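Q: What follows is the residue order along each chain.
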Amino acid sequence: MTRTGPSSGPTDPEDGNTQETAFTALLEDSAEDLYDNAPCGYLSTLLDGQIAKVNSTLLRWLGYTRDQLVGHRRFADLLTVGGKLYHETHFAPLLRMQGEIGGVALELRAADGTRLPVLVTSTLKTGTDGEPLLIRTTLFDARDRRAYERELLRASQEADLERERLQRLVATLQRSLLPPVLLDVPGMEVAAHYHPASPDQLGGDFYDLFPLGDGRWGVFLGDVCGKGPDAAAVTSLARYTLRAAAVYAPDPLAVLRNLNAVLYQEYKGDDPRYCTVIFGLLTPDGDGFSATLASGGHPAALLLRADGTACYQPTPGGLLAGIVPDAPFTATTLRLAPGDTLLLYTDGLTEARTGGATGDRYGEEDLHAFATGLAPTTASAAVAAVTDLLTTLGDGVDDDTAVIALSVPRARR
Amino acid sequence: MDVSNRNNVFVTGKSDGPVVMLAHGFGCDQNMWRLVVPALAERFRVVLFDHVGAGKSDPSAWQAERYSELDGYADDVLRICRELDLRQVVFVGHSVSAMIGVLAAIREPERFAKLVLLTPSPCYVDDDGYRGGFSKADIDELLESLESNYLGWSAAMAPVIMGNPDRPELGEELTNSFCRTDPAMARVFARTTFLSDSRADLAKVTVPTLVIECASDVIAPREVGAFVHAQIPGSQLVTLDAVGHCPQLSAPEITTRAIASFAGASR
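These protein sequence lines map, in sequence, to chains A and B.
Per our numbering: the first sequence ends with 413, consecutive numbering throughout.
Per our numbering: the second sequence ends with 267, consecutive numbering throughout.
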């Protein structure tokens, strides 16, 4: 019956009669017929699964007669073996506990052995005292839907694989931007740790430690703005520039000026790229080392002394490298005596969130207190402690974090 | 990490009673025991927990490699016993947890007073001269069943996985409020459960053992119950007049009676 215009409706005598006739015909459709020939399968079973009642639709789907099923088979007998296991371990327990379970995908085995994917919903009918009496089940033909779900599942599995592939690629690339192992520095213990914020994305932190040929060593640690492949390209350029510049003229201020010139030249224009960096020149000095540190906008290094104190080694006034043509950098010189540990780190540590919703950050004061608690220490113990700290901060660490520690062992007696 | 949080340990019942530890099987969590706990709690100190990967266990404790062996789960059972300083434990393991209990009792027999193996099977797959009831292909089909319910499960698990405190209504929308499992973890547990073979371990059990089977159980048929009984020296066998693999739900009274009379009897 179709309605053709605004005039048609229940008030229209002719149309009203037609509608009434249709309703009457529907009312004569018995509940029994509705049950038997419903567009879905109906099944009533005893609590142990014995089939007590089944509609014609389901019998037609399965190719069984009513006598073959009622009183002779259990619901689980109609399932494939895998479906039986699923029924016993998931479906039946949940139904008993919740009184209902819906939308479960199972496969029926028809009399001729063919399989019919269905979506099954069951409810537990209880008596007035709440005791379960029987189980009512409806089954919907799910052939098309199952094909669609299989396609979704395949797509989701493919996406999982792609993500794994991406993570492997990121991990490999990240490793290529860091030294695979730290070299042994005579008279010094060294340790480093890199904590990526996300396995899906390349980070912009970097460090390296390398000999300069005359007993002196260069060390640097920095943080490129941004993340991802673009940041990685800058990281790579910064790392090789720092190493090459140090061989040519190891004065830390000169090294940073060279880096600034290269980054500025490469990325001037509308896509500026810059980094914060700290560069150290380590020179053997009696029973310890002399360390000259120059920094461009990088968090100050921490010196954890043999006497149990810890203090920042600021280099105020230094600017980010790569942002202006003649960026100023400043340097400081300190002595690493036996029992002293120098800690370089990136701001992933000091900017880690600690307060949840309040937005508190870990901060320099917390780090200073932490370092004081550690001192005196060694490079490996300091890096292990910071690694534990990062684990404790957990999700609060939302940026990459790199740390490198250098310590002069105490003289053996 | 604290083992009690990791395994969502829940202790109830008579605080000075003998310890009865209930271990759930594959497919659900400690809710499986809800119909037998009230009666047991009158006489015993009842210890419930969720295996890692199931129920409200800590998802961050999941390690696919560790939980690809029943030994990983047995190790967790022993850790819980140590942390709670449980002694003279009557360990009741349902389904795959029966074998987890067997492994734990072999490793530290002094920890356990008795073992109750509820619908156990040491090996689900048929082997030369042994009938476990299933072929390798059947088990693959089960894994496929798990896969085809993967989407529904993910939807049910999403709020649990995401732990989104801003949207508690997500939790309320769940159809299945019990037995939530992460699909990836369930896959591993399914493989571990149905492809393990612990037949050779049965003879090594030295603690008094009760085997409880059902008169009709598709997953652990009666010949398997008889096998377990024959292999464990001095074990007792009780056959419940019950259908299905989970008598603690389908026939809680007789299941409770069987557990309690064995657990409460003096050695």
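The hints are simulated quantities; they were obtained by calculation from the structure and are not laboratory data.
Note that the coordinates shown come from a computational prediction; the quantities given were computed from them, not determined experimentally.
Errors might be hidden in some of the hints.
[Unchecked claim] Far from chain B, by Cβ distances over 12 Å, these chain A residues were calculated: (1) 43; (2) 65; (3) 87; (4) 88; (5) 93; (6) 107; (7) 132; (8) 170; (9) 319.
[What the hints assert, rightly or not] Capping the alpha-carbon separation at 35 Å, the derived lysine-lysine pairs in DSBU-like fashion look like this: (10) A:227 to A:268; (11) B:114 to A:125; (12) B:136 to B:14; (13) B:14 to B:204; (14) B:14 to A:53; (15) B:204 to B:56.
[To be verified] Computed footprint of chain B on chain A; a stretch qualifies when at least three of its residues, placed anywhere within it, have a C-beta under 8 Å from a C-beta of chain B: (16) 75 to 82; (17) 290 to 304.
Think of the CB as a built atom: it goes at the ideal place given N, C-alpha and C, for glycine as much as any other residue.
Q: Taking the hints in turn, state whether each one holds.
A: Status of each hint after checking the structure:
1. For residue 43 of chain A, the condition that its CB be more than 12 Å from all CB atoms of chain B holds, with the nearest at approximately 17 Å.
2. No beta-carbon of chain B is positioned within 12 Å of the beta-carbon of residue 65 of chain A; the least distance is around 24 Å.
3. With a cut of 12 Å on Cβ distances, residue 87 of chain A falls inside the contact zone with chain B, its closest approach being about 8 Å.
4. For residue 88 of chain A, the shortest C-beta to C-beta distance to chain B comes to about 4 Å, within the 12 Å cut-off, and the non-interface label is violated.
5. A beta-carbon of chain B is positioned within 12 Å of the beta-carbon of residue 93 of chain A; the least distance is around 5 Å.
6. For residue 107 of chain A, the requirement that its beta carbon stay farther than 12 Å from each beta carbon of chain B is not met, with the minimum near 8 Å.
7. Look at residue 132 of chain A: its CB is around 10 Å from the nearest CB on chain B, not clear of 12 Å, so calling it non-interface is violated.
8. No beta-carbon of chain B comes within 12 Å of the beta-carbon of residue 170 of chain A; the shortest separation is about 21 Å.
9. Annotated as non-interface, residue 319 of chain A keeps its C-beta farther than 12 Å from every C-beta of chain B; the closest such distance is 41 Å.
10. For the proposed pair residue 227 of chain A and residue 268 of chain A, the alpha carbon gap of about 19 Å is at most 35 Å, so the pair holds.
11. As the CA atoms of residue 114 of chain B and residue 125 of chain A are separated by approximately 38 Å, the hinted pair breaks the 35 Å bound.
12. Note on residue 136 of chain B and residue 14 of chain B: the hinted pairing is violated, with a Cα-Cα distance of about 44 Å set against a maximum of 35 Å.
13. Distance restraint check for residue 14 of chain B and residue 204 of chain B: the Cα-Cα separation of roughly 32 Å lies within the 35 Å cut-off, and the hinted pair is therefore satisfied.
14. At most 35 Å may separate the alpha-carbon atoms for a hinted pair to count; residue 14 of chain B and residue 53 of chain A exceed this at roughly 45 Å.
15. Restraint check: the Cα-Cα separation between residue 204 of chain B and residue 56 of chain B comes to about 33 Å, which is no more than 35 Å; the hinted pair holds.
16. With 4 residues carrying a beta carbon less than 8 Å from a beta carbon of chain B, the region 75 to 82 of chain A meets the three-residue requirement, and the given coverage holds.
17. Beta-carbon proximity to chain B at under 8 Å applies to 0 residues in the region 290 to 304 of chain A; the threshold of 3 is not reached and the given coverage is violated.
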